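Heads up: the sequence lines are chains A and B, in that order. Each number in our numbering comes from the position in the first sequence (counting from 1) with 74 added on. Each number in our numbering comes from the position in the second sequence (counting from 1) with 39 added on.
I should point out that these hints are in silico values taken from the structure, not numbers from a laboratory. Nothing here was measured: the structure is a model prediction, and the numbers come from that model. Cβ coordinates follow ideal geometry from the N, Cα and C atoms, glycine included. One or more of the hints may lead you astray.
Straight line, CA to CA, 20 angstroms or less: simulated EDC-like cross-link-like pairs of lysine to aspartate or glutamate [stated by the list, open to error]:
1) K499(B) x E111(A)
2) K508(B) x E479(B)
3) K496(B) x D88(A)
Where chain A lies over chain B, by a calculated footprint (3+ residues, C-beta under 8 angstroms) [what the hints assert, rightly or not]:
4) 495 to 503
5) 517 to 523
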Amino acid sequence: MKILVAVKQVAALDEDFVIGADGRDVDAEFLIRDLNEWDDFSLEEAVRIKEAAADPVEVVVVSIGPEEADEVLRKCLAKGADRAVRIWDEAVAGSDPIAIARILAAVARQEAPDMLLAGVQSSDHGFASTGIATAGFLGWPHGAVVASLAYTSGEKSAVFRRELEGGLLHQVTIQCPAVLTIQAGINTPRYASLRSIKQAAAKPIDVRNLADVGISAHEVGEQGSLSHVRRMYIPDKGHAQLIEGSAAEQAKRLAGIIRAFKGEA
Amino acid sequence: MARDPKHDVLFQPIKIGPKTLRNRFYQVPHCIGAGSDRPGFQAAHRSIKAEGGWAGINTEYCSIHPESDDTHRLSARIWDEGDVRNLRAMTDYIHKYNSLAGVELWYGGSHAPCMESRATPRGPSQYASEFETLTYCKEMDFDDIAMVQQYYVDAALRSRDAGFDIVYVYGAHSYLPLQFLSPYYNKRKDKYGGSLENRARFWLETLEQVRRAVGHDCAIATRFAVDTLYGDAGVEVENDGIKFVGLADSLVDLWDVDVGDIAEWGEDAGPSRFYQQGHQVPWTRFIKQVSKKPVLGVGRFTDPEKMTEIVTKGIADIIGAARPSISDPWLPKKIEEGRYDDIRVCIGCNVCISRWEIGGPPMICTQNATAGEEYRRGWHPEKFPKKTSDDSILVVGAGPSGSECARVLMERGYTVHLYDTAAKIGGHLNQVTTLPGLGEWSYHRDYRELQIAKLVKKNKQSQVMLGQKPMTADDALAYGAEKIVIATGSSWNSDGTNCLSHDPLPGADASRADQLTPEQVMDGKKPIGKRVMILNADTYFMAPSLAEKLAMAGHEVTLVTGVHLANYMHFTLEYPNMMRRLHELHIKEIHNAFASSIEPGRAQIYDVFGDGSKRIFKGVGKIPRTPNASHRWMEFDSLVLVTGRHSNDSLHRELKARNGEWHKNGVRDVYLIGDAEAPRLIADATFTGQRLAREIEESKAQFPLPYRREVAVWGTSHMPGAEFDLEYKI
Ligand SMILES: Cc1cc2nc3c(=O)[nH]c(=O)nc-3n(C[C@H](O)[C@H](O)[C@H](O)COP(=O)(O)O)c2cc1C
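Sequences are here, hints too, so could you generate the full structure?
Here's what the structure looks like:
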């Protein structure tokens with residue numbers, strides 16, 4: 075039994091930041107990297123399935139990213155993943171979620187898990203499509219925004235619930251292998267102890283390149299992407315103005331502004 | 040983040056007489072317990088503020104002559120060359136950062152008990168101090184007046200020699216110049232009494248003489264309580280207040296104004312329980328309307344928005360601060376750099392003041408554990424020594440001591456896991472801050488919460504683990520930390536154990552429906568009946584705070600107290616208004632009484648001094664006094680037990696007992712800090728966290744390293760060149 079958990083090292087903005095020279099992303103120097111919030115929940119879900127299983131279950135985390143992404147893989151190892159795989163190649167830079175999904179699907183074919191879990195979305199770019207697109211490439215069934223999951227390792231199917239509008243729940247049975255995107259809040263992720271952090275630091279990370287997973291360079295990066303970021307920018311802010319003076323003066327001024335706004339003045 | 044341009048006004052220099060303040064941040068005179076006798080402490084505490092951006096920094100009140108001796112409390116003194124030498128350290132270090140050093144020349148009149156010098160204080164009229172016990176002053180004749188004015192002049196000259204840039208004539212807090220000005224003290228019928236002009240004469244002449252002596256070299260400041268807050272019995276701002284400013288304006292280079300007197304100086308240094316930032320403005324705002332000179336005011340200013348408003352609205356030119364500068368010596372620098380959320384905001388608990396009120400042990404601060412430790416322990420509030428090992432540290436308990444310890448360890452670069460069962464950092468503060476008036480105390484938690492959140496981002500190996508199950512010794516040993524810090528806090532006793540009997544109280548049991556611990560009251564889950572009895576054996580705020588909370592909620596509250604109710608609140612200056620609150624809320628107080636036993640719905644109360652006054656030896660098994668026969672039953676619907684606290688130290692005890700298992704688990708040492716070691720003030724709990732974090736590499740880090748002591752040294756004399764050896768005049 076094997077569960078593959080796709081994780082991403084996301085970026086958060088530091089207090090101050092500037093947009094990089096190409097105008098398409100924040101200058102990397104101003105980014106704080108961490109494990110995507112949603113992935114913490116999908117990893118926890120996988121580890122719980124493993125802990126509840128009668129037979130051995132292997133939880134494998136996979137991330138597509140440069141060497142610095144090892145940090146989040148080690149975090150996952152510390153929290154209970156058995157093995158970590160990282161795919162990287164310079165050609166991968168600039169990939170959109172579709173190109174990333176293509177790589178993930180290739181890894182999934184190699185690893186042949188019984189279940190693939192991903193986060194609903196990433197906290198930095200928020201496309202919410204990587205997991206679903208991976209299912210598309212694999213031709214596996216998928217469930218999106220999973221808020222509770224009943225799955226016993228070895229079973230041919232899983233039952234999950236999705237939260238719909240108006241307090242409705244969608245209860246779905248799905249054939250395995252399947253791809254599920256996990257919603258934040260499905261569980262309470264555990265913390266890693268110092269002991270497991272230290273142990274994880276010593277574990278190897280299985281680094282593979284595109285050739286290792288059987289993907290060619292033109293299928294990824296800008297070339298292999300279906301969407302392209304053109305510009306990242308901070309929109310001009312509206313102007314606020316503090317109205318000062320006595321209550322009567324303030325009221326008069328405000329009335330004037332409203333009249334001007336309505337075109338009466 | 041860049042600073043908001045709106046705050047630029049706070050960084051404009053301003054001229055005061057012959058000197059220039061480089062910005063608008065000014066540390067008004069405040070005691071620290073250093074005076075002139077601990078020059079290292081004095082120099083380090085004040086100059087760290089100069090480094091942190093304060094443009095003007097003062098001594099505490101500084102006595103000009105042995106006739107103004109405040110022993111048992113601790114003032115600075117500039118009596119002689121010995122004092123000049125010691126104070127020079129402060130001015131030299133302040134000048135390194137281009138800030139100005141000020142000295143607050145002080146003569147106390149009968150408020151100075153002269154317990155060391157045994158001199159006789161002089162005053163405008165003879166009166167008994169309403170502040171000090173058993174001191175009267177001698178009424179001055181004209182010779183006396185001339186003499187005392189010369190004391191000011193001589194002290195001003197010595198101040199200049201010591202390197203001071205600003206010389207004060209101190210007339211706030213009901214000290215001598217104000218005693219002349221205020222009809223509350225001044226009953227004279229000669230040219231120094233009666234009309235305002237006459238009452239002002241002493242102060243004006245003194246300013247004139249001091250100005251003539253040092254005014255070319257130093258800025259002349261005066262500190263003036265513009266309203267003593269008791270109507271026309273004293274000084275009222277709209278009357279004598281502004282008129283005096285008009286009379287003296289040409290003689291001063293800087294007005295430092297506040298309100299109140301000395302007996303209730305909590306009206307000036309207003310605790311957050313009763314007063315918010317800017318609380319003095321309704322009185323002090325009048326001064327700028329009549330003065331042409333720079334004016335500074337105080338009022339626990341911590342917020343740059345409020346400070347900017349004070350300056351731009353013309354309420355004052357300069358932001359004076361005592362407590363905010365203690366809580367965050369780098370407040371101006373943080374504003375300057377736009378690091379607003381790094382400001383360690385003063386919580387207004389007045390524990391700093393408590394030390395002076397107690398008699399002058401080194402000042403402490405609840406927020407800033409390094410206050411008072413700058414010189415003797417070498418602690419800088421904003422700079423930390425780098426870690427010297429790769430040990431990782433588990434801190435169990437995220438209350439005041441645990442969170443402080445974790446913060447400082449993280450600042451030092453250690454990997455730290457901070458663990459708590461609660462969902463929030465803060466420990467018992469999360470409950471205490473729900474009590475009436477104590478909301479601002481949560482800045483203590485907020486500061487640590489935010490700093491730790493920032494530090495965890497810098498070191499991904501560190502983490503904050505909240506809402507966890509209680510940690511067991513097994514968990515802690517297996518956790519993988521080389522060092523384990525136990526900071527599990529304390530709890531109120533549920534069995535009535537107290538400082539009077541040192542035993543549980545028969546019948547006391549907070550698991551019963553009609554009895555509660557303070558935690559249960561604050562938690563708000565347990566029903567509380569109409570008639571509440573609070574049984575108190577604690578000397579700080581818990582009993583009166585709970586009484587206030589319950590009375591506000593409509594309960595009929597009776598306080599039965601076996602110890603001096605709220606005694607520590609005298610020292611924090613919260614006492615007078617706390618008592619007014621109890622009175623307003625019709626809370627019944629039974630003093631010097633405690634319970635001997637409790638039954639459902641009633642407690643047996645006795646008078647603490649109800650036994651016989653005569654002590655007679657009666658042999659074994661017999662108490663040497665007539666037995667206490669004052670016992671009577673008192674009914675209640677709910678009983679609150681504010682009888683004492685105990686450390687939650689079971690995890691530490693178990694870990695100590697299993698020290699044989701430390702080595703194989705990689706654990707090098709286990710420590711106990713904060714209330715878990717011994718219940719104490721939040722300031723002291725916070726200190727233990729900071730202290731351990733700075734000394735954790737020491738082989739016995741549980742126990743503090745010795746600190747540098749500043750004491751008189753045999754073999755040298757205080758006065759340069761004088762004899763030190765025994766000498767008798769025979
Ligand atoms: C610990 C402490 C000691 C003080 N000692 C003095 C003093 O020696 N002379 C004085 O004029 N005011 C003294 N004060 C009063 C302050 O100067 C100031 O007027 C008061 O604290 C209000 O300012 P704040 O709200 O900024 O604290 C002291 C205040 C504190 C907190």
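Exercise. Hey, K499(B) versus E111(A), does the alpha-carbon distance stay inside 20 angstroms?
Worked result: holds (14 angstroms)
Problem set entry | Pairwise hint evaluation, D88(A) against K496(B), where the allowed Cα distance is 20 angstroms at most | holds (10 angstroms)
Exercise. Does E479(B) lie within 20 angstroms of K508(B) when you go C-alpha to C-alpha?
Worked result: Distance of about 29 angstroms is beyond 20 angstroms: violated.
Exercise. According to a criterion of three or more residues whose C-beta lies within less than 8 angstroms of a C-beta of chain A, is the stretch 517 to 523 of chain B covered?
Worked result: The restraint on the stretch 517 to 523 of chain B holds, since 4 of its residues have a Cβ under 8 angstroms from chain A and three suffice.
For this session: Test coverage of the stretch 495 to 503 of chain B by chain A using CB-CB distances below 8 angstroms; three residues minimum.
Result: holds (count 4)
Going through the hint list in order, the structure does not satisfy hint 2, though it satisfies all others.
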